[in-house]
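Participant: Chains as they are written, first to last, in the working numbering: chain A, 1 to 411; chain B, 1 to 542; chain C, 1 to 332; chain D, 1 to 196.
I should point out that these hints are in silico values taken from the structure, not numbers from a laboratory. All figures in this text were calculated on a predicted structure; none of them were measured in a lab. The beta-carbon is built from N, C-alpha and C at its ideal position, and this holds for glycine as well. Hints are not guaranteed to be accurate.
Once the Cα atoms are required to be at most 27 Å apart in a straight line, the calculated BS3-like pairs of lysine-lysine come out as [to be verified]:
| hint | chain 1 | residue 1 | chain 2 | residue 2 |
| --- | --- | --- | --- | --- |
| 1 | B | K333 | B | K274 |
| 2 | B | K274 | B | K327 |
| 3 | B | K372 | B | K197 |
| 4 | B | K197 | B | K170 |
| 5 | A | K224 | B | K250 |
| 6 | B | K449 | B | K511 |
| 7 | D | K167 | A | K3 |
| 8 | B | K65 | B | K4 |
| 9 | D | K167 | A | K43 |
| 10 | B | K427 | B | K449 |
| 11 | B | K291 | B | K310 |
| 12 | B | K291 | B | K250 |
| 13 | A | K43 | C | K116 |
| 14 | B | K223 | B | K4 |
| 15 | B | K223 | B | K250 |
| 16 | B | K4 | C | K116 |
| 17 | B | K449 | C | K281 |
| 18 | C | K116 | C | K195 |
Away from chain A, derived, C-beta distances all over 12 Å, residues of chain B [unchecked claim]:
| hint | residue |
| --- | --- |
| 19 | P5 |
| 20 | F6 |
| 21 | G13 |
| 22 | S15 |
| 23 | T22 |
| 24 | Q116 |
| 25 | T204 |
| 26 | E298 |
| 27 | E326 |
| 28 | T339 |
| 29 | R459 |
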Amino acid sequence: MLKQVEGSRAVAEAVALCRPEVICAYPISPQTHIVEALGERVKAGTLAPCEFINVESEFAAMSVAIGASAAGARAYTATASQGLLFMAEALFNASGLGLPIVMTVANRAIGAPINIWNDHTDSMSQRDCGWIQLFAEDNQEALDLHILAFRLAEELSLPVMVCMDGFILTHAVERVDMPSQAQVDAYLPRFEPRQVLDPADPVSIGAMVGPEAFMEVRYLAHVKQMQALELIPAWATEFHRTFGREAGGLVRTYRTADAETIVVALGSVLGTLKDTCDELREMGLRIGVVGVSCFRPWPAAAVAHALQRAHHVVVLEKSLAVGLGGIVSQNVRTSLSGRSASVNTVVAGLGGRPITRASLARMIVDADEGRLDPLTFLDLDRAAVGRVLAREREVRRSGPIAERMLLEVKR
Amino acid sequence: MMRKPFAITLDPGSSLANHTGTWRTTRPVYVDRLPPCNGACPAGEDIQGWLALAESGDYESAWRKLTEDNPLPAVMGRVCYHPCENACNRAQLDDAVGINSVERFLGDEALRRGWQFENPATPSGARVLVVGAGPSGLSAAYHLARLGHEVTVRDAGPVAGGMMRFGIPKYRLPRDVLQAEIDRIVALGVRLELDAKVERLGETMARERFDAAFLAVGAHLAKRAYIPAGSSARILDAIAVLRSMEGEEKPLLGRRVVVYGGGNTALDVARTAKRLGATDSIIVYRRTREKMPAHDSELEEALQEGVMVKWLSTIKHAGETSLTVEKMALDDKGFPQPTGELETLEADSLVLALGQEVDLSLLDGIPGLEAKDGVVQVGPDMMTAHAGIFAGGDMVPSERTVTVAVGHGKKAARHIDAWLRSTRYAKPAAHAAATFERLNTWYYSDAPKTIRPMLDTLRRQSTFDEVQGGLDESNALFEARRCLSCGNCFECDNCYGVCPDNAVVKLGPGKRFQFNYDYCKGCGICAQECPCGAIELVPEAI
Amino acid sequence: MTFQPIKFYQTGTFTVGNRLLPPDTRTVQANVRRTNSLNSGHRACQGCGEALGARYAIDTAMDATGRQLIATNATGCLEVFSTPYPETSWQIPWIHSLFGNAAAVATGVAAAMRVKGRDAVRVIAQGGDGGTTDIGFGCLSGMFERNDDVLYICYDNNAYMNTGVQRSSATPPGARTATTAAVGKDPGNVFGQGKDVPAIAIAHGIPYVATATIADLHDLEAKVRRAMQVRGARYLHILVPCPLGWGHGPELSVTMARLAYQSGLFPVYEAEQGEVTSVAKIRHRVAVEAYLRPQKRFAHLFDPAPRPDVIAAIQAQADRNIRRYGLAGSES
Amino acid sequence: MFQVRIHGRGGQGVVTAAELLSIAAFREGRHAQAFPSFGSERTGAPVVAFCRLDTRPIRLREPVGQPDAVIIQDPTLLHMVDVFAGLPRNGYILVNTGRDLAALGLADFVRERQPGRIATVPATELALKHIGRPVPNAALLGAFAALTGQVSLDSVAAAIAETFGEKLARANIAAASAAYDAVLAPRVEDSHAEAG
C-alpha cells in the first residue's frame with residue numbers, strides 16, 4: 001500500500017509488521033521518532049504481544065535486548081551516534097553470543113564537538129563489532145531492509161544493524177509502498193532461537209573461553225558472518241518475488257557497464273549521486289555509481305566485479321578515519337588489490353554538511369580527469385582551516401580547536 | 001535439542017568433571033570424642049547416648065540405653081552425686097545439663113509404664129553366686145543375668161538393697177522406688193535369697209557348684225572411737241540408727257541430738273533426727289566446712305532444715321545430759337590441733353557417724369585372699385587373689401557411693417563373664433576428651449537449667465516425704481535438649497550445609513555424613529562450624 | 001521412633017539442620033535432595049563465601065519456584081569460577097553478558113517470559129559488589145525504577161576480588177585493598193565514602209529489600225523465599241567473606257560473616273515498600289575489634305603502630321547501625 | 001520537478017507545511033519529498049523546510065538551493081535571512097502579511113518580478129479567526145495552491161484532513177479555503193480590468 005509518510009514512521013510500521021516481542025526505547029536524535037511510533041502501536045494494541053521497555057541508557061537498551069533475545073524473544077531497538085558508542089560493549093557481546101537482535105541506526109556524527117546531524121562515523125566506528133551492517137538508500141529500502149534483517153539475523157543467529165541516514169531519511173516525508181502483514185508473515189518465519197534460556201533445558205550461556213578455544217570461537221564467528229554473502233543475494237531475489245521490488249542485495253550498480261569513473265558510496269547520498277551521474281553523462285562523461293548496501297560482511301567479490309572496468313574509483317564517504325583517511329576506501333582497496341584503477345577517497349557531508357549536485361559534479365569531473373587528490377574533503381572551507389593552521393603554527397598551544405574554528409569560519 | 005554455539009554455551013553441571021580435591025593440603029575427618037559426662041560417670045553410663053534418645057522424646061529407647069550400664073536409674077536419679085554434671089561443658093556456657101534429673105525422669109517413667117528388661121541371651125550354663133544385695137551386688141547380678149548366667153544373690157538382711165535401704169533415709173530415696181527397681185532385676189530370673197548369711201564361701205561354692213562368686217557385702221560395721229563417758233550417757237552409732245528407721249521401733253534420740261562426724265551418714269542422721277522431732281540436731285565436726293567429706297548439696301539441705309554444725313570441734317566427754325567439746329584449730333598442714341579451749345553442749349543423745357568397716361568373716365579359710373586396711377584387695381579386673389572370686393562395692397578400696405558400687409558390679413560382671421568363658425575382657429580404648437574449647441557454642445540456644453521442685457522446709461522438718469521432686473515430661477525433654485553432644489556428631493547438618501564445594505555426603509538419619517574427597521578443597525569451614533567439635537583437620541600426606 | 005512437636009530444640013535454631021523439626025521448617029541446605037545449583041567442581045578459592053552464598057540463595061529460589069528459574073550473572077569471580085570453558089557449575093539456565101548489565105539483561109529475560117505468558121518462570125540477576133554498586137549501578141537503578149519482575153542478588157565481598165582486591169564503593173572504611181593505599185593518608189580505605197546500596201534500593205520504593213549473611217542460613221533462606229513470593233523489583237544484599245581479599249583463614253568465612261553481624265557493622269534487616277519492616281537483633285554482641293583482628297586487610301590498625309582512633313571510628317559506625325536499626329537486645 | 005522552500009520560525013508549523021504539501025501532491029499521484037532543515041531549533045528560531053514535487057521518483061537529497069517557490073511564514077525574517085536565495089526571476093513568492101509588500105520594504109524587489117507570481121495573504125489573521133491560534137501554515141498552503149496551481153485546494157484539504165484530528169482539520173481547512181479565495185479574488189479583478 002502506497003503512503004506518503006515520514007521515514008521514521010515507515011520504518012516503525014515495517015518493524016511492527018515483523019512482530020517484535022521486546023522493544024527497548026531510549027531517546028536520541030534522530031532515531032527518536034521510530035521508537036515513539038512503535039510505542040503508539042503497542043499502546044494501541046496493534047502491536048501485541050510486545051513488551052515496550054523504557055530503559056535508562058543505550059547500554060541498558062542493548063543489554064535488555066540481549067536478555068530478551070537469549071530468552072527466545074524477537075528483540076528490537078534503535079539508536080544513533082553517542083548512543084551507539086555507549087552500547088559498544090554490549091554490541092560485541094550480542095554478536096559474540098550470537099543473538100539475532102535487529103537495531104536501526106539513524107546515522108549521526110560523533111562528538112566532540114557535539115553534532116546532531118548526519119554522517120556515518122557512528123556505525124563505521126562499530127564496523128568490526130561482529131554485527132551485520134546494511135545501509136538504506138531511501139525510506140522504501142530502509143523499511144524493506146528491516147524485514148530482511150530479521151530473517152537474516154534469525155537464520156544466522158547474528159545481530160543486524162540497519163543503517164539509515166539521520167534526518168535525511170528519518171525525517172524525510174516521501175512515498176513508500178508498505179507491505180501487508182500477510183506478505184511479511186509469509187516472508188518472515190517464526191523465531192526459532194538457536195539457543196534459549198529455558199528451565200526445561202538449562203544451559204549456561206556466555207562461558208569464559210581461554211586461549212585454548214578463543215581463536216576458534218572468533219574464526220567461527222567470521223565464517224558465520226561470511227555466510228551472509230551467499231544468503232543476502234538469494235533473499236533479495238526472494239524478496240523481489242514476494243514484495244515485487246528490489247531490496248537489499250550486496251551492492252547495487254547504476255550505469256556502470258561502460259563507466260570509466262565510478263563513485264562508490266553508502267546510504268542516501270546515492271540518490272543525489274545518480275542525478276549527478278545522469279547530468280554528467282548528458283555532458284558525455286562515462287560515469288557510474290556503485291552503492292554498497294551490505295557493508296558488513298564486506299562483499300569483496302561483488303565490489304570487485306562492479307568496479308572491474310573502472311579506471312577511476314572514487315569512494316565517497318560520510319566518515320573519516322582520523323590519521324588515515326577513508327574507511328570504506330580501505331575496504332574497496334582490498335577488493336581491488338592487484339588492479340590498476342586509482343582509488344580516491346572523498347570525505348563528504350560530515351556533521352550534516354549538505355552534499356550538493358554541484359560539488360559532486362565538480363569533484364567527479366576532477367576525478368574523471370585524474371585531477372582529484374587521493375584524499376579530498378568535499379566543500380571544505382580551506383580559508384578557514386588555513387587561518388587556524390597558520391595561527392597554530394605561530395603559537396603552539398593546545399585547546400579546543402573547535403571553538404576557534406567557529407570564530408574563523410565567522411570572520 | 002538446541003544447536004549450541006561452540007564453547008560459549010555449555011551443558012549444565014558439567015563441572016563435575018573437575019575434581020578439585022587435588023587442591024587439598026589438609027583433609028577433614030569425622031571423629032568421636034569422649035564427652036566429659038561419660039568420662040566422669042562411675043557407673044560408666046553413656047549419658048550423651050541416652051540423652052540423645054531422650055531428646056527426640058523416645059524415652060523407652062533412652063531408658064534401655066541407660067540401663068545397659070545401670071539397672072537402677074530411678075535410684076540413681078535420686079541418690080547419685082552426679083559427677084557428670086560437675087564435668088558438663090555446658091556449665092561453662094550457662095548451667096550444666098540436669099543429667100541427674102533426666103535420669104530420674106526416665107527411671108520413674110519406666111516404673112510408671114512398667115518397662116521390663118529384655119530377657120537374657122542364651123543361657124551359658126554357668127552359675128554365679130553374688131554375696132550381698134546392695135547396689136554392687138544387684139548391679140553385678142543384673143549384668144551377669146543379661147549375659148546369660150544363672151545368678152543367685154544371697155543377703156544376710158531381711159530385705160534387699162543394702163546401704164540403699166539401710167544407709168539412705170527414705171526422704172531421699174522412697175522405698176517403693178527402690179523395691180520396684182530391685183524387683184525388675186529379680187524378674188530377669190535372678191535368684192534372691194534373704195536372711196541368708198554366707199558363712200563359709202569356699203564350702204558354699206563347692207557344695208552348690210558355683211563357678212564364680214562376686215562378693216559385695218558392703219561396710220556395715222560402725223567405726224567406734226573411745227570417748228570417756230558417764231555410765232548413763234546415751235551413745236548410739238549412725239548405721240544402727242538408720243537401720244532401725246527401717247524397722248518397727250523408731251530409735252529414741254531425745255529432743256537434743258548431737259551427731260559426731262562429717263560424712264554423708266552424719267548428715268543423714270542429723271536430718272533424720274530433725275524429722276523424728278528433735279528440737280536441736282547438731283553436728284560436731286573436727287574440721288572446717290571445706291574439709292567436710294559430705295556433699296555440699298546435702299549439707300545445704302540439712303542447714304535449710306535447721307540442722308546446726310559445730311565446726312572445728314571434738315568431743316572430749318559424754319555425760320547424761322551434756323557433752324564436753326574442745327575447740328580445734330587447723331595447723332599449717334591443715335590438720336586440726338587441740339586448743340585446750342573447752343565448752344559444754346546440751347545433749348540427750350550422741351550419735352557416732354565416724355565411718356564403717358567391712359565384715360570380712362565370710363572370707364575365713366579362703367586361700368590367697370588378702371585384706372588390707374580392712375578392705376579386700378582386688379585386681380583391675382575386680383578379681384581377688386583367689387581365682388573365680390571377685391569383689392566390689394564398699395568392701396574394696398574405693399569411694400563409697402551407690403554409683404561407684406553399681407559401676408563395680410558392671411565391671412566385675414564383664415570380667416566374670418570373660419573368666420567363665422576363659423577369655424579376657426578388654427575395655428575398648430577411650431576416645432580423646434571432648435573439651436569445651438573444641439565446641440562452636442554459637443549454634444546452641446541460650447537455655448538455663450531447669451530447677452527441680454523442692455519440698456517446703458516445714459514438711460521437710462516434720463515428715464519423711466521425698467525432699468526433691470522430679471521433672472515433668474516437658475521440662476525433662478527441655479533438659480535433655482540442652483545437651484551439647486560434646487565431641488560426637490548429632491547430625492545438625494552444619495558440615496553438609498557450609499561446604500562451598502558440596503563435598504559432604506549426607507547418609508541419612510542415624511548414618512551421619514562422609515566427605516567426598518574428589519571435591520573437598522580442604523578449606524576447613526566444616527570443622528570450624530561444627531558445633532560439637534566432631535571434625536578434625538589432618539594434613540594431607542604429600 | 002516416636003515423633004513429637006518441638007517446643008525447644010536448641011540446635012534447631014541456628015544450625016543448618018534440625019533433625020527434630022517438622023520437615024517443612026527445615027532448611028533447603030539440610031535436604032539430601034537439595035539442587036546444588038552451583039555444582040561441585042567450580043574453581044572458587046578454598047572457603048569461598050560467594051560460592052556458599054550463591055548456592056544458598058539459588059537453591060532456595062529453585063525450591064521456592066519449583067525450579068522455574070533463570071539467572072543472569074555479572075562479570076566477576078562468581079562468573080569466572082563457575083563457567084570456565086568447557087565446564088559450567090550451574091544447574092539452571094544462566095547467562096553471563098557483561099560486567100555492568102546483569103540487571104538489564106534480567107529485565108530482558110523477564111520481558112521475554114512475560115511476552116510469552118510464562119509467568120511461572122522467575123528471573124534472578126546476580127553479581128558481586130563491583131558489578132552491583134559500581135559499574136552495574138545504572139542498570140540496577142533502572143531495573144528498580146521500572147519495578148521489573150527481577151530479584152537482584154548482590155554478593156558483597158567488599159572489593160574487586162576477581163582482579164586482585166581493588167577498592168569498590170562497598171569497601172568499608174579502614175579496609176586495605178590494592179588501591180586504597182593510593183588515596184588518603186592511611187593505608188586503609190578513607191571514611192565517609194562508599195554507597196549504602198540497600199538503603200538506596202529502599203529509596204526506590206521497590207516491594208522488597210533485604211540484607212543477609214552466609215552466617216545465618218535460616219534467615220537467608222527465609223528472605224529468598226519472601227522475595228520469591230513478591231512480584232516486581234527485589235533486592236537482596238548478602239555479605240560473603242573472601243579469604244583471599246580479607247586475609248583470613250579459609251575456614252573462617254562463615255565465622256567472619258557472623259562477626260560482621262554480631263559487631264553491628266553489617267546490619268541484617270528487611271524492608272518492604274520503602275519501609276524497614278524487620279531487623280535481626282544482635283545475639284551475643286561483640287566489639288568491632290573481634291571482627292577486625294583476624295583480617296589482614298585491617299592488620300595495619302594493630303601493627304606496627306596501633307590505631308585506636310581508627311578502630312574507635314569503626315566502632316562508632318557499628319554503634320550508629322545498632323541505633324539506626326535497633327539491633328540491640330537479642331532474643332536467642 | 002517543482003521545489004518549494006518555506007521560511008518561518010519554530011512553532012509556526014513550517015515543517016508540517018512542507019509535509020502537508022507533499023501529501024497533497026502524493027494524493028494527486030505525484031512524487032513528493034518533504035524534509036526540514038534538520039536541526040534542534042527551538043521555538044522562535046528561524047526554520048526552513050523544503051518540499052519537492054515531481055512526476056518521477058525523487059532521488060535528490062540536497063537542500064533546496066534553487067526553489068521554484070518560497071513561502072515566507074514570517075515577514076520579520078525578510079531582512080534577517082536571505083529568503084530569496086537562488087530564487088529565479090520567475091519564481092513564486094508567497095508572504096504571510098496583512099500589509100502590502102511596499103510597506104515591508106520590498107517595493108524595488110517586487111518591481112523586477114512578474115506580478116502574477118507574487119502574493120501576500122494575512123495567514124496569521126485567518127488562522128486566529130478560524131483556528132484560534134497563530135499557526136499560519138494551513139492557510140498559506142491554501143494560498144500556495146491558488147498562487148501556483150501546483151496542487152488543488154481539494155488535495156490540500158485532504159492532506160490536512162488526514163494529518164489532523166477532525167475538529168482541528170475542519171478549522172485548518174476553513175483557514176486554507178479563506179486564504180485560497182483571498183489570493184484568487186484580486187486576480188479575477190485584474191483579468192476583468194484587462195478585459196475592460
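Participant: Run every hint past the structure and note whether it holds.
Facilitator: Now the hints, each set against the structure:
no.	hint	in the structure
1	B/K333 - B/K274	35 Å, violated
2	B/K274 - B/K327	25 Å, holds
3	B/K372 - B/K197	23 Å, holds
4	B/K197 - B/K170	25 Å, holds
5	A/K224 - B/K250	111 Å, violated
6	B/K449 - B/K511	30 Å, violated
7	D/K167 - A/K3	23 Å, holds
8	B/K65 - B/K4	60 Å, violated
9	D/K167 - A/K43	23 Å, holds
10	B/K427 - B/K449	34 Å, violated
11	B/K291 - B/K310	13 Å, holds
12	B/K291 - B/K250	32 Å, violated
13	A/K43 - C/K116	18 Å, holds
14	B/K223 - B/K4	96 Å, violated
15	B/K223 - B/K250	22 Å, holds
16	B/K4 - C/K116	22 Å, holds
17	B/K449 - C/K281	24 Å, holds
18	C/K116 - C/K195	37 Å, violated
19	P5	5 Å, violated
20	F6	6 Å, violated
21	G13	9 Å, violated
22	S15	10 Å, violated
23	T22	19 Å, holds
24	Q116	58 Å, holds
25	T204	82 Å, holds
26	E298	69 Å, holds
27	E326	92 Å, holds
28	T339	90 Å, holds
29	R459	71 Å, holds
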